[in-house]
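There are 2 protein chains.
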Amino acid sequence: MRGNLLYGQSGGPTAVINASAAGVFLEGLAQSESIDRIYGAHHGVVGILEDDLFDLTEEDRTELLLLKQTPSSILGSCRYKLADPEVDETDYARILEIFQKHNIRYFFYNGGNDSMDTCRKVSHYLAAKHYECKVIGLPKTIDNDLVGTDHSPGYGSAARYIATTFMEIYQDAIVYDRGQITVVEIMGRNAGWLTAAASLAQLKGCGPDLLFLPEKPFNLEQVIETCRQAYAKKRILTIALSEGVRTEEGKYLPELDADLAVDAFGHKQMGGAAQALVGILQQHIPTKYRYIELSLMQRCSAHLASRQDVEEAFLLGSSAVRAAISGSSNVLLGLKRPEQGLYRPEIRQLVLDEVANHEKTVPLDWIKPDHSGMTQEYYDYALPLINGRPDLVLDEDGLPRFARLRLEPVRAQ
Amino acid sequence: MRGNLLYGQSGGPTAVINASAAGVFLEGLAQSESIDRIYGAHHGVVGILEDDLFDLTEEDRTELLLLKQTPSSILGSCRYKLADPEVDETDYARILEIFQKHNIRYFFYNGGNDSMDTCRKVSHYLAAKHYECKVIGLPKTIDNDLVGTDHSPGYGSAARYIATTFMEIYQDAIVYDRGQITVVEIMGRNAGWLTAAASLAQLKGCGPDLLFLPEKPFNLEQVIETCRQAYAKKRILTIALSEGVRTEEGKYLPELDADLAVDAFGHKQMGGAAQALVGILQQHIPTKYRYIELSLMQRCSAHLASRQDVEEAFLLGSSAVRAAISGSSNVLLGLKRPEQGLYRPEIRQLVLDEVANHEKTVPLDWIKPDHSGMTQEYYDYALPLINGRPDLVLDEDGLPRFARLRLEPVRAQ
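Top line first, the protein sequences correspond to chains A and B. If you read the first sequence in the numbering used here, its first letter stands for residue 14, the second for the next number, and so on. If you read the second sequence in the numbering used here, its first letter stands for residue 14, the second for the next number, and so on.
Calculated from the structure, these hints are not laboratory results. Any given hint could turn out to be false.
What the hints assert, rightly or not - Think about it this way: if two alpha-carbon atoms lie no more than 20 Å apart in a straight line, the pair counts; the simulated PhoX-like pairs of lysine-lysine are: (1) 114/A with 142/A; (2) 301/B with 94/A; (3) 301/A with 247/A; (4) 246/B with 301/B; (5) 94/B with 301/A; (6) 301/A with 246/A.
So here's chain A without its partners, still in its complex pose:
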């Protein structure tokens, strides 16, 4: 059926979520028989609730293409959680009202686990109210923790950033004629996919000596002993540490550090896991320390995006539009890896109810028990995802050229 298209972004930004946006917008414009106007929600579902939408129909096509190299969420993001519709229908009724007002018949929501839950709830509500609208979820998460899809757009680029940057940090960390322990903190609250990516640098001889993923309980005494032995052997140690590691009792490292150091009680700005681990280790292994947080850079470094990742993100966006026009709804578009042979992912549709609120972590048997790295299975999994560099357009001064959209507000028709 003919109508308008609405696209929204939600959750943490990535280097390639705007590539999916570009796919949706450009395919939407190409499908003028089914789609009238292309709208974007400002700050995801919050923009829908506030009737704060952009009309992207008249944007310059070249600028839309430049979204493929523009990091973060161009329309703004949110972390808004919809209520359970059985408890409170307010938000849903409002969403329906806005969809009716703007004749939204195709809705695409791009995000991670929480966003797929939002997508699922909206999809069910609209169906229950007999409002015809195709609802499709698009995956996005550097954490790579969405189930049902082989991997999620955003992961390959973050992994390429982490592997490359770890190689460079390693080169720097080994340079002096003295002992040193360098702890690099990597994102991932429950899943260690990103920390695992540091192991790819080992393939070049520039990787971490030890990796700690949140999938395995962080036994402090054992960790100290492991570090002590590794330090005694190598004298210059680099460690990849997930921000999400925690003890059997579920305590995160910064909490643990605060427990151990009574004087630090109430310190205003709590440091991260790497800072805490360094604080603990230096009580046991006297040497020079450095901690590094890869922070936002690991999710927004479009200049180091993986070409494979960018193209998959774009393809998922454009495929979602075609799938919706063909009648698909209440699905997430995921990626399926061929059983064997060359890596050439296929697109698959997953029912939203099957994927929302689940979490995919790293298989335990892919993590070497002595924390020294990942197994070949992980390399086989990850290497195709980080491959290739995008043909970045730079400004004449050598700095990145991000998309410049006009982002006109939607006017009443």
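Take the given structure of chain A and dock chain B to it, following the hints.
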């Protein structure tokens, strides 16, 4: 005169110091009429004192070329300070002994201010002992604080990293529908050149709202008020902060934070300037905060090096060999910018005594008094230095390909 060449690296690594090494090695190999063998000192002057030298004469030429894209100091670095020769001659006598043993007639030392002082002292000692050896210093510092040269290799690449990364962080930091203050900490203990580079991102509309350089005293009350006003106006604030900012009394931010927060007394691993500023600001401006340290990445990100910087570093290395063969000694090879017209730097020789132990800071009138940015003079200065991306050779898996040297120890002739 015919003899062997010795090259050493000292001080903090950069993305392009190995490009200078490549220039020295490849030109040294080409000058076989004057130069017999090419040696490298392991960990700079420490390797000389310990007779720990590499013989690079038989290295694969392609690998030597790959040094142009290999970050950090390939031979290892040091921070060793030679004694005043009038107080203690021991080290100098040892250096002379090693130079005689290995017939070193051309000595190149690549580093920053302290390294040029080492270079000067060695040069004078050898001359006083009538040992004929041409001694040339090669500049290297991301801090850009060497005097006499328009700029130092390493700065352009670090500046390109900082400007690009700030653009990406900015895109990420503005994404949510809520207030936030993001403080990005940038290296530079006394000179604000690197922090100034964040202002280049302003040219793309993705730059910091406020910059704090160490050249200007950091008046805490004024800073809080400036931030308060800027936050009231913009609600999402990004700040570029030099690690070296300090109060009129000379206190660095982490010291200041510890003073203010009695509970943090004795905290084991002191955080950086950004963490401290956030700790202070959040007592005055309630909002969400994030602090980011660009840490080692800003000095070792060869993947984001400036092509101009790489080529200048290489050219300085090869020019140093030619200059030494032509008889130059006791000089630093610096860069001179043409008075007008296209940026096309010339190489100039500076007497080591004129440059060692001085420090070049950012001109105060290039810093806008309201901390909102830099003047056009800075843009004109910096933009040519960050320009161009190197043609990086990647491995087939998409990760960087660093030089693989055999680094054979020097054998007795």
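Open item on the list: So if I understand the rule, the pair passes when the alpha-carbon distance is 20 Å or less; does residue 301/A with residue 247/A pass?
Closed with: Measuring from Cα to Cα gives roughly 14 Å; hence the hint holds.
TODO: Take the C-alpha atoms of residue 94/B and residue 301/A, compute the straight-line distance between them, and say whether it is at most 20 Å.
DONE: Between residue 94/B and residue 301/A the Cα gap is close to 19 Å, so the pair holds against 20 Å.
TODO: Could you grab the alpha-carbon distance between residue 114/A and residue 142/A and see if it respects the 20 Å cut-off?
DONE: Satisfied, since the Cα-Cα distance of roughly 15 Å is no more than 20 Å.
Open item on the list: For residue 301/B and residue 94/A, compute the direct alpha-carbon distance and say whether it is at most 20 Å.
Closed with: With Cα atoms ~19 Å apart, residue 301/B and residue 94/A stay inside 20 Å; holds.
TODO: Would you mind confirming whether the straight-line C-alpha gap from residue 246/B to residue 301/B stays at or under 20 Å?
DONE: Status holds; Cα separation ~16 Å.
Open item on the list: Hinted pair, alpha-carbon criterion (20 Å max): residue 301/A, residue 246/A. Please report holds or violated.
Closed with: holds, 16 Å
The structure fails none of the hints (numbered hints given earlier).
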